[in-house]
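Chemist: The listed protein sequences correspond, in order, to chains X and F.
Sequential numbering of the first sequence, starting at 1, is according to the UniProt record's numbering.
Sequential numbering of the second sequence, starting at 1, is according to the UniProt record's numbering.
Keep in mind that a hint or two might mislead.
If several chains are the same, the list does not tell them apart, and a pair holds so long as it fits within one copy or across any two.
Straight-line Cα separation of at most 27 Å, DSSO-like style, residue types lysine-lysine; simulated pairs [unchecked claim]: (1) Lys21 / Lys217; (2) Lys275 / Lys217; (3) Lys155 / Lys253; (4) Lys106 / Lys78; (5) Lys134 / Lys78; (6) Lys253 / Lys217; (7) Lys155 / Lys275; (8) Lys21 / Lys260; (9) Lys21 / Lys275; (10) Lys275 / Lys78; (11) Lys275 / Lys134; (12) Lys106 / Lys21.
For the record, the hints were derived by calculation from the structure and aren't laboratory data.
Number of protein chains: 2
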Amino acid sequence: MTTILISGLGLIGSSMARVMKQSAAELTLLGDDPNDDTAQFLLDQGIIDERVTLLDAANRADIILLAGPVSVIIKQLKQLANVLLKPNVLVTDVGSSKTQVMAAAKDLENRQIAFMGGHPMAGSHQTGAHAGRKHLFDHATYFLVNGTQTTAQTKSFQALLATADLRWTTVSAAEHDALVSSISHVPHVLAANLVNTAAQQLRHDPVGLSAAAGGFKSTTRIAASDPRMWTAIMLSNADVISDQLTTYIDQLKLIQAAIKSRDADQIRHFFERAKAIREQLDHDDSRGK
Amino acid sequence: MTTILISGLGLIGSSMARVMKQSAAELTLLGDDPNDDTAQFLLDQGIIDERVTLLDAANRADIILLAGPVSVIIKQLKQLANVLLKPNVLVTDVGSSKTQVMAAAKDLENRQIAFMGGHPMAGSHQTGAHAGRKHLFDHATYFLVNGTQTTAQTKSFQALLATADLRWTTVSAAEHDALVSSISHVPHVLAANLVNTAAQQLRHDPVGLSAAAGGFKSTTRIAASDPRMWTAIMLSNADVISDQLTTYIDQLKLIQAAIKSRDADQIRHFFERAKAIREQLDHDDSRGK
């Protein structure tokens, strides 16, 4: 019988609990969340077996999964270094940036506690336990950053999520943070900035944003994501995001200059390149790669 | 019996033909498109009644609808000023920018031919007659820019599209171009630039874009739009788009500075504002406004 403790039962944590509950292993699922309604809902649904608090129940767990905002994960890793844990416990997380998380796990690792960084590439502009679902991660990339875990621990963790058919991908923390900044963190900043700037520009226009068609809506859907979570992500990967924004702005100025000077060839090439790359992404997807 | 001539039978033109075909009016639909397969497909489907060329058939039409790229519309408006037309004909268009189009219609208007600018706010990253459908415009905003048309001509045009339940919105050409730049033209530039920059940044990363989750995909879906059409749009509204990009970049630098200096309050406020605006947009939509 494996005992799993998940701290943070929002969209990601509660969805992981749902996936684990249908794995082959017999397991007890302990859940920690500051929100009473969330905890009660998951108890009522049979998704967690018992509500606990992380530090009180940590010594009962074979696997501790930290699924709160990155700022909370970092705090919890330091707290866990000061409590008694099972000798073979695996501590892991789902935080959206990894360099700071891996650094925060050092105290724990110095105590010979196994830590493995993790990050499932799934999410939604929706938040909370009610929005969680067992298919949220199906076929998604799940990044692993090797810490001090054993191969056996990695495998038993992966087995708990087997039904999601994940694409397990091991990367360094630095590679992870650059990659995820490119495909997730920076896009969130751009989408939110587009919404804010468009609203500002149209503040005196009686028609305004209401005329927006599907293109604007899909492009800005992620701007409705949880502000607290995304603030924590920005703070945890600030330098990488800021550097990439500089590159993005430089590129944007190039195409802006081409538009201003009516350089049809350069504009068309810019759109042709984007179309080819974006279509390749859908093509790879449809082949299940 | 009303005779309608549509020039340009891509996504928009062929969808408008589909909508008109189910209107109450008895009408003959003449279609002009340089692509033989497109024309034959629409003839086979009964969506157009006859394939013609614009200048040869223009004198048979009660309504002439120009639905090609903006650059083609501008050329055609000048050509139409030099051919015989029915005295009561209404010439209109669906171009994505209006200042240049209204200017190009001046010769026609000087000949006492009625022109009305138009722009349905619907579209897709898909293109072509096969992707067209009669529900493409349902409940969408349809911008009208008054030219020299009579009220009766406006009403008879609107009646042809009655089944789409459009939100008819009359604006000036300048207001249209600023508004549409904000909610469509600039977002297209940003999405394409995101795809190109991310691909460039990840060119040496073996994982790369393939790890992108739904957020990146929805944010960049419009980057797969037709490069030729979007190049024409950029050229036709270049100054407005370029000016708005300057504002967008200025705003982006502000949030970049907040991220770099780890200003949690400012970052959270930025995301909170975007979330509130973006959710209002969905809320307005669900109320059918």
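Chemist: If the cut is 27 Å between Cα atoms, do Lys21 and Lys260 qualify within a copy, between copies, both or neither?
Modeler: Neither: 57 Å inside a copy, 41 Å across copies.
Chemist: I want to check one pair: Lys106 and Lys21. Are their C-alpha atoms no more than 27 Å apart within a copy, between two copies, both, or neither?
Modeler: Cα proximity of Lys106 and Lys21: none, with 30 Å in one copy and 70 Å across.
Chemist: Checking an output row: Lys21 and Lys217, CA cutoff 27 Å. Within, between, both or neither?
Modeler: neither (35 Å within a copy, 29 Å between copies)
Chemist: Indicate which option fits the pair Lys275, Lys134 if close means a Cα-Cα distance not exceeding 27 Å: within, between, both or neither.
Modeler: between (33 Å within a copy, 26 Å between copies)
Chemist: Is the C-alpha distance from Lys155 to Lys253 at most 27 Å within one copy, between copies, in both cases, or in neither?
Modeler: For Lys155 and Lys253, the Cα distance exceeds 27 Å both inside one copy (47 Å) and across copies (44 Å).
Chemist: First find the shortest C-alpha distance between Lys275 and Lys78 inside one copy, then the shortest across copies, and answer within, between, both or neither for a cut-off of 27 Å.
Modeler: neither (45 Å within a copy, 32 Å between copies)
Chemist: With 27 Å as the alpha-carbon cut-off, assign the pair Lys275 and Lys217 to within, between, both or neither.
Modeler: both (19 Å within a copy, 12 Å between copies)
Chemist: When no copy is named, should Lys21 and Lys275 be tagged within, between, both, or neither for a Cα gap of at most 27 Å?
Modeler: neither (41 Å within a copy, 33 Å between copies)
Chemist: Indicate which option fits the pair Lys253, Lys217 if close means a Cα-Cα distance not exceeding 27 Å: within, between, both or neither.
Modeler: Answer is both: 24 Å inside a copy and 23 Å across each meet the 27 Å cutoff.
Chemist: Is it within a copy, between copies, both, or neither that the alpha carbon of Lys106 lies no farther than 27 Å from that of Lys78?
Modeler: within (9 Å within a copy, 72 Å between copies)
Chemist: Give the relationship of Lys155 and Lys275 under a CA distance limit of 27 Å: within one copy only, between copies only, both, or neither.
Modeler: Neither. Shortest intra-copy (39 Å) and inter-copy (39 Å) distances fail the 27 Å Cα cut-off.
Chemist: Treating 27 Å as the Cα threshold, decide for Lys134 and Lys78: within, between, both or neither.
Modeler: neither (30 Å within a copy, 59 Å between copies)
Of the numbered hints stated above, those contradicted by the structure are hints 1, 3, 5, 7, 8, 9, 10, 12, listed in ascending order.
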